[in-house]
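Keeping the supplied structure of chain A fixed, place chain B upon it in accordance with the hints.
If you read the sequences in order, they're chains A and B.
No gaps in the numbering here: position 30 of the first sequence is 30 in our numbering, and each next residue is one more.
No gaps in the numbering here: position 13 of the second sequence is 134 in our numbering, and each next residue is one more.
A couple of the hints might just be wrong.
With a cut-off of at most 35 Å between alpha-carbon atoms, the simulated DSBU-like pairs for lysine-lysine come out as follows [stated by the list, open to error]:
#1 Lys-73/A <-> Lys-2/A
#2 Lys-93/A <-> Lys-214/B
#3 Lys-91/A <-> Lys-214/B
#4 Lys-123/B <-> Lys-91/A
#5 Lys-212/B <-> Lys-120/A
None of these hints come from the bench; they were simulated from the model.
Protein chains: 2
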Amino acid sequence: MKNQTYRMSMLYDFYGELLTPRQREFFDLYYNEDLSLAEIAENNGITRQGVRDVIVRAENAMQEVEDKTGIMKRFQAQRPLFDEIAAAAVKIKEINALQYFDPQIGALADRISDAVGTLKE
Amino acid sequence: MKNQTYRMSMLYDFYGELLTPRQREFFDLYYNEDLSLAEIAENNGITRQGVRDVIVRAENAMQEVEDKTGIMKRFQAQRPLFDEIAAAAVKIKEINALQYFDPQIGALADRISDAVGTLKE
Numbered sequence: 001m002k003n004q005t006y007r008m009s010m011l012y013d014f015y016g017e018l019l020t021p022r023q024r025e026f027f028d029l030y031y032n033e034d035l036s037l038a039e040i041a042e043n044n045g046i047t048r049q050g051v052r053d054v055i056v057r058a059e060n061a062m063q064e065v066e067d068k069t070g071i072m073k074r075f076q077a078q079r080p081l082f083d084e085i086a087a088a089a090v091k092i093k094e095i096n097a098l099q100y101f102d103p104q105i106g107a108l109a110d111r112i113s114d115a116v117g118t119l120k121e
Numbered sequence: 122m123k124n125q126t127y128r129m130s131m132l133y134d135f136y137g138e139l140l141t142p143r144q145r146e147f148f149d150l151y152y153n154e155d156l157s158l159a160e161i162a163e164n165n166g167i168t169r170q171g172v173r174d175v176i177v178r179a180e181n182a183m184q185e186v187e188d189k190t191g192i193m194k195r196f197q198a199q200r201p202l203f204d205e206i207a208a209a210a211v212k213i214k215e216i217n218a219l220q221y222f223d224p225q226i227g228a229l230a231d232r233i234s235d236a237v238g239t240l241k242e
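Chain A extracted, bound-state conformation (with noise of 0.2 Å):
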């Protein structure tokens, strides 16, 4: 599972809300806290195999609401747009910088820079 640790996080991110309580607590405990099953199994005496068990069933619960929604595949897919973007803004900035010194064309590409890097925060 730990393999998978990128991917849980954001499944996590979008979907941990709607999980219960004690499967949140292990997850968090195991993938973000990175303790191992065992670790949290003596913690909260079950077994090794009953944490295992509430993580997978957190894990197939989030993973059931992205595969019928697809809303972290849209976000997803942001991404390289608004990269595309940063990117023209900062060579646009980089052109005026050489041949124009035009503080508003300046100012408008940094403006641009600013608001895609809220949105890929």
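Showing chain B alone in chain A's frame:
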């Protein structure tokens, strides 16, 4: 309920696939096809109140997911940033077209406009 059509259509766009087939069918007929509760009831051989219950449950289910995850809100928060980027790109293009006639700046501004247009779809 119909005074909420815009908001309901957005909820449906994000979370419609999480509904049951029956919820989805009635919701779609009511909000997207603009049938009345009475018409849907007659076509399905159930009471007007029965149709209403299905639709209200669908609304509540989707609203609950949104209240927990805030995903739709996150998407909506992008809107003003897209508008800002689009406006800045248009302005750069205008300044360039009046003063500098730089084909590269024109092309870069167009690329930004196109990318933000795709994002706004």
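Comparing the hints with the structure gives:
1. For the hint pairing Lys-73/A with Lys-2/A, the CA-to-CA distance comes to about 21 Å; that is within 35 Å, so the pair holds.
2. At most 35 Å may separate the alpha-carbon atoms for a hinted pair to count; Lys-93/A and Lys-214/B meet this at roughly 13 Å.
3. Restraint check for Lys-91/A and Lys-214/B: the C-alpha separation of about 14 Å stays at or below 35 Å, so the hint holds.
4. Taking the CA atoms of Lys-123/B and Lys-91/A, the gap is about 48 Å. The hint is violated against a cut of 35 Å.
5. Pair hint Lys-212/B plus Lys-120/A holds up; C-alpha atoms about 23 Å apart against a cutoff of 35 Å.
Hint violations for this structure: number 4 only, all remaining hints satisfied.
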